[in-house]
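Q: So you can see what is in the structure, the chains are spelled out below.
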Amino acid sequence: MSKIGVFVCHCGENISATVDCESVANTASQIEGVAFATDYKYMCSEPGQMRIKDAIREKGLDGVVVAACSPRMHEPTFRKTCAEAGLNPFLCEMSNIREHCSWVHEKSGETTDKAISLVRMLVEKVKRNKPLNPIKVPITKKALVIGGGIAGIQAALDIAGAGQKVILVERDPSIGGHMSQLSETFPTLDCSQCILTPRMVDIAQHPNITLYAYAELEKLEGFIGNFKATIRLKAKSVDHKTCTGCGACMTKCPSKKIPSEFNEGLGMRTAIYTPFPQAVPNKPIIDRVNCRYYTTGKCKVCEKICPTGAIQFDREDEFITEDIGAVVLATGFNVLKPDFFPEYGYGKYADVITGLQFERLASASGPTMGVIRRPSDGKIPQKVVFIACAGSRDPAKGIPYCSKICCMYTAKHAMLYQHKVHEGESYVFYMDIRAGGKNYEEFVRRAIEEDGAHYIRGRVARIYEKDGKMVVKGVDTLLGAQQVEIEADMVVLATAGVANGGAEDLAQKMHVSYDPYKFFAEAHPKLKPVETNTAGIYLCGACQAPKDIPDTVSMASGAAAKVIGLFSNAELTREPTIAVVNRIATHDVSTCVGCFLCETACPYQAIEHEEIKNRNGEVIKTVARVNPGLCQGCGTCVSFCRSKSIDIQGFSNEQMFAEVMSLVAEY
Amino acid sequence: MSNEFEPKVVAFVCNWCTYTGADLTGTSRIKYASNVKIIRFPCTGRIDFMLLLKAFANGSDGVIVSGCHPNDCHYTSGNFHARRRWMLFRNLLDFLGIDIRRIRFAWVSAAEGAKWAEVVNETVAQLKDLGPYTEYQKATEFLVANENELTEEMEANHA
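Quick note, the sequences are listed as chains P and U, same order.
For what it's worth, the numbering used here labels the leading residue of the first sequence as 1, then goes sequentially.
For what it's worth, the numbering used here labels the leading residue of the second sequence as 1, then goes sequentially.
Looking at chain P on its own, in the form it has when it is part of the complex:
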């Protein structure tokens, strides 16, 4: 007969407000096999844990059920508690009476009854739990960082600085990301490139960092400490080993009218190009879609001009595989395509631009050398309207969230504009000003009070052209919804931050969760912000949600710290939730018939063939065997097995059937 202890947590009032915890404990104490049951206000607190330890020692418990929050929250906590009291940690299970009961139902007898049956279910499971030992696996001490923006750069430098090897993969021809496009940064007005480019150079020069620019992750297999990454090195058509980066090819390339991605379409580039002069690596690639040779079969001017013979038109994509111990996702964000707003006329009117385009106009390295000129005729605009929340906080348009950075960069834009065009007038339409952050509110006040930006609280309904001016029709809600009409020379939309292109594909390749807006999901919103639900894969920066540079850099250092922490272990311990093929009696008999359906089901190639021999060494039969290092414990093989010879530890057939029976039986 089992001696199980049941510990019911009130979670302050989170559970006890709707569930009668005392009654749950009393009823639980009547369940067959339960030797002890109690309730307490905070079971996870030090005195709560002491109650569990004392009960294990005093009552000689051989199983523990903690009825509290989700096991995803505190299972490790309570298993550790049990281990400290000398009970095998895998004899402890959690009954989720908070997320799955008290928080989703009203206070009633039914809610308490449900909590009781959830407890009963786990008691029936724990009766059938077996002591297990964690599996030890080796770690490959090399990290893969995906994305070479400021997030990936910071994470890579921190990990490399701790003496670990890093592979940095960047999709574009150069690292730098959106930060390299920015003019100056809030709230200090530091020149973005001045603070970023030295770090880019550090990446290129660091002995522990291997940079693959113009490359993408093709495939990721394996598990924490033991991933295998396949990386596609996209064909650059230029051999970067022999190329010296002299740039002669770029000056002679005849395809000169390609809108530059770096300049957000406000400047032009050639078909053989580096995105910007400070690019890392600072060697060109050929854009095959726009190259005259690839489209017409004639040209090859770059090949003729190249002094080192580095042009290689016949290069193809190459694939390399790397053994990796941990992955940091730092793929960043993008801004909403402004054709989302027909009412603002983006695309129709050249002088309606995005915030990112304004950054390029204000940047000393931009197409206008930092002089604010409007795109249509190159004139210096005398009146500029900035529209905050272009797309953000608009459930009707499908983006209910706040993009977080727009209030600040719009204030910065207004300020930069006033600094560069002294006699100019700037107007900012806003919903609310969200300036939470060190020196942020002061920065916005400075834009309004010292630089004289006119802030109008209200939305813009429509923009149309009249005599070369952009007529902005909006409303001022602080003046009693009074209509406002401004004839502007240029309009800047602070478009919503959205998940980067390909985020969903990447998440599926890596088996990490993502939210409805395709931002990657953290493992816990408060306590595990840089972890994903997949062990060994971490995330940082705007791929998780829109965020500014200081937040991105702190998060990147956080993710790096997690990787360094992981790598500080000689080996990893993994939960022993793995499949096992039964072996009866003296280990030379198995009910396995050797059909190997399990082999076809296994996504990890963890099923091996094992020969059972008699005393004379003759093979009696071949049965399946699970490689414990490869098995990840999905249990698909278990439901495939015709003879029920394979089972999964921790979610065994016996346990699962007992759980079902306890839920449907009448008590």
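None of these hints come from the bench; they were simulated from the model.
Please read all numbers here as calculations on a predicted model, not as lab measurements.
Please note that the accuracy of each hint is not assured.
Unchecked claim - Result set (DSSO-like, lysine-lysine): computed pairs, CA atoms no more than 30 angstroms apart in a straight line:
| id | chain 1 | residue 1 | chain 2 | residue 2 |
| --- | --- | --- | --- | --- |
| 1 | P | K509 | U | K115 |
| 2 | P | K404 | U | K115 |
| 3 | U | K31 | P | K528 |
| 4 | P | K107 | U | K115 |
| 5 | U | K31 | P | K41 |
| 6 | P | K526 | U | K31 |
| 7 | P | K526 | U | K115 |
What the hints assert, rightly or not - Footprint (simulated), chain P over chain U, 3 or more residues, beta carbon under 8 angstroms:
| id | segment |
| --- | --- |
| 8 | 13-22 |
| 9 | 27-38 |
| 10 | 55-62 |
| 11 | 67-77 |
| 12 | 102-112 |
Unchecked claim - A few chain P positions that, by computed beta-carbon distances, are all more than 10 angstroms from chain U:
| id | residue |
| --- | --- |
| 13 | E99 |
| 14 | K136 |
| 15 | Q205 |
| 16 | D287 |
| 17 | R315 |
| 18 | Y349 |
| 19 | K404 |
| 20 | R434 |
| 21 | R445 |
| 22 | Y464 |
| 23 | G502 |
| 24 | C595 |
| 25 | F596 |
| 26 | P628 |
| 27 | G629 |
A virtual CB, placed ideally from N, CA and C, is assigned to each residue, including glycine.
The hints should help you fit chain U onto chain P, whose structure is shown.
A: Just chain U, lined up with the frame of chain P:
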């Protein structure tokens, strides 16, 4: 307390998507019917349909099977196996006389807390319309009670 029929529903969910999604329903304080009780599995691929039959045989009025959306499986392909199993078993169970309207198959991701509440409420509403499920239970009880005679009869027929 109303005397309205309250169906007993067992939810078989995977650890990575729907279990976490149901946690999010809780964190977001979205209310749903308390008839549904969740059993955690590592993956929908692990959910043996014998478990569903066991639930029906012992008094469940309906079941929910839910996991990660196609392509989102934590274990790459477990949910595809579950989907294929459902496609095959659906016809077989239907042929055997099991009311497949009582099985709800859903995809609920870790981010879809609201969707989980919808799935639960819709399933409970449909089961209330269908009423208690006793036919399969009765058949099972009959088979168990008459196991010996039935076996003899079968063997006699076979001979």
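Q: Which hint numbers does the structure go against, in order from smallest to largest?
A: 13
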